[in-house]
Amino acid sequence: MTISLLAYLLIPLFSAVLIQFTSRYKKNLADIIANITLFAGFLNISHLIFNTAKTAKFSLPPMAQDTFTLLMIFMIYMVALAVSSFSSGFLTEEKNRHHFHSLILVSVSAMCGIVTAGDFFTLYIFVEALAITSLALIAFDKSKKGLKGAIKYFFLNFSGSLFILLAMAILLFTIGTFSFAGIQHLTDPAYGGHWPFQVVAAIILLLSGFLIKSGIFPFHIQTVAAKQGAYSPVSAFMAGTVTKIAGVYAVIKIAIIFNFFDLKLHEISETLMLIGAISILFGAAFAMRQKDFKKMLAYSSISQTGYIILAAGLATPLALLGAIFHIFNHASFKTILFLNEAGLKKNLNTSDMEKMGGLARSMPWTSWSFVIAFMSAAGLPPLSGFWSKFIIIIALWQGGAKGYAMMAIGASVLTLIHFIILQRKVFFGKISAIAKNAQEMPLPMLAPIIVLCIVILVSGILFPYFYACLIETGIKAIL
Amino acid sequence: MTYHLALFILIIILALAAVMAKNMLFSALILSLVSVGVSLILFTFASPWAAVFELSVCAGLITALFISVINLMPKEKKLLNESRLKFTLLPVVLLIMAVISWIYIVPFFEYLSKHPHLSIHNYPLGQIIWKDRVFDLIGQICIFAAGVFAIKSLFARSINEQKSHKSQVTGHKF
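Protein chains in written order, with numbering that gives the first Met the number 0: chain E, 0 to 478; chain L, 0 to 173.
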């Protein structure tokens with residue numbers, strides 16, 4: 000049996016429409032359709048990722064089909080399934096649940112479009128589709144904070160789009176194409192020479208646009224406000240996949256396509272590394288100062304994204320491999336952390352860490368899943384986060400960026416410290432007044448968190464096997 | 000040349016009418032005609048790619064979104080109450096912009112025309128839509144679905160209110 004990647008894009012889109020017609024009066028049907036669609040897609044891509052030969056030969060002209068794409072589709076489905084099944088328990092009283100699931104499914108469709116796009120124009124179209132669904136998801140709870148977050152997200156995100164549009168126009172005028180394969184052909188050593196000034200300007204504009212969309216320092220205002228204001232499962236979805244696919248994925252793709260590794264664009268590459276390094280430190284430092292659980296996680300997300308941008312700037316094959324793995328690992332541990340926060344908020348009706356305490360006794364599963372996720376975020380062995388950070392640090396050291404490598408290790412220690420402080424404040428110590436009546440999350444909400452913990456543990460312990468398998472199936476071919 | 004000139008003048012008149020109109024629905028429809036005019040110009044300038052997207056996104060998708068949002072608004076808000084007189088200044092602003100463009104934009108386009116661009120291939124429209132850019136069409140369907148669901152979720156409350164109002168009037172349960 001051969002499977003076309005187009006199915007991962009079209010089936011959720013079809014299900015999103017189906018939900019609107021079938022679930023108007025029976026809201027549970029929306030949960031069922033969304034979860035079945037995502038679960039089927041997740042199972043399918045889990046099988047396909049290790050059997051790339053089974054990918055269909057049928058695809059549309061500007062479509063990419065490589066292991067990087069498959070890994071990203073796997074990640075998108077994994078996070079979307081976790082968020083969707085968690086929301087089935089979280090949004091029990093929400094009347095417009097069917098709209099929520101439709102928006103999640105269209106987002107999945109748009110993200111699959113982004114990772115399968117074969118040129119910047121197609122990528123841009125799907126990025127805009129994702130921006131619209133994200134905007135609606137952030138403002139979904141109709142709270143003042145949510146609407147404020149959505150407005151900030153709108154203004155920064157669409158200014159990023161303007162940069163991308165301008166860059167595409169310049170590329171079309173100067174080199175006559177914006178297809179990835181066409182540009183890669185031009186970067187071929189045989190073609191030689193340095194890029195003309197206009198192309199360099201286009202690359203800067205493209206990177207600026209996608210960095211704005213990734214919500215990294217100094218464009219973090221939109222992501223922090225959006226994640227803080229939105230429903231907590233939406234924050235998990237945003238932090239886990241949306242900002243990574245709409246922004247960070249494209250930055251890595253640009254580093255690969257324009258071949259930052261050959262040092263012809265070393266000024267851009269060094270600036271990108273600097274932005275990544277500042278983001279790591281800025282995110283980690285600001286996360287330590289927060290009293291609001293969600294805000295702390297949002298800043299921590301900036302720090303983790305910094306690692307990916309730092310590696311993308313270095314752009315050696317090993318660094319890019321580390322960046323790709325870190326996107327995946329970040330998606331798994333950050334989704335757990337945000338979903339845990341969602342469970343706590345539903346239970347305690349607050350996300351103020353000062354008011355929490357001693358929750359480990361009443362919510363042991365939540366507490367221990369949090370420990371696994373933060374240990375992975377801090378890069379402790381043998382969890383999956385350790386391997387991606389380890390690869391990035393080794394790549395930085397090998398690439399001569401020893402200062403950045405030391406800084407990355409230092410920031411990891413900072414991450415560990417601020418998560419230990421959080422764990423002590425929230426889950427251990429004296430039982431606070433509001434924590435006395437707290438209860439463990441129900442199974443539909445807990446199940447996706449436990450599954451993601453298993454993913455972190457298994458992909459960490461068996462990492463050498465997965466690494467060899469993914470290298471064999473062709474991840475090297477794209478670097 | 001006469002055809003182009005007529006088209007340009009028509010577009011400017013339609014654009015002004017869209018700004019001056021008090022009825023929002025009328026304004027949205029006129030704006031879609033502006034997009035149709037722009038896409039006709041793009042076609043005649045041998046830029047079918049841009050023309051196709053102008054026609055489908057601006058004249059099609061954006062108009063559909065505008066109309067659905069206007070449809071969700073209460074009747075009294077569909078008409079703009081403030082005076083539109085201040086917009087009579089627009090032709091003067093347009094004239095100034097035209098003079099500035101003549102001085103700066105024309106040399107810029109002459110500079111750009113030295114670079115290679117895709118319009119030189121001049122593929123037939125059918126090939127562009129159904130062979131080369133079919134994946135983009137799926138992207139546009141995605142944008143359309145995203146827009147419709149975003150409006151439905153953001154305005155869910157007013158839709159429910161409209162339904163309950165209708166049920167009160169007709170005595171039917173929705």
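Hints are computed from structural coordinates only; laboratory data are not their basis. Any given hint might turn out to be false.
Stated by the list, open to error - Derived CB-CB ranges, DEER-like:
(1) L:F7 - E:F154: 27 to 35 Å
(2) E:I433 - L:F86: 39 to 47 Å
(3) E:W396 - L:W101: 34 to 42 Å
(4) L:V133 - E:W367: 45 to 53 Å
(5) E:G175 - L:V133: 19 to 27 Å
(6) L:I104 - E:E353: 56 to 64 Å
This structure is a prediction, so every number in the text was calculated from the model and none was measured. All C-beta atoms, glycine included, are put in the ideal place defined by N, C-alpha and C.
Give me the numbers of the hints this structure contradicts, sorted from smallest to largest. Violated hints: 2, 3; rest satisfied.
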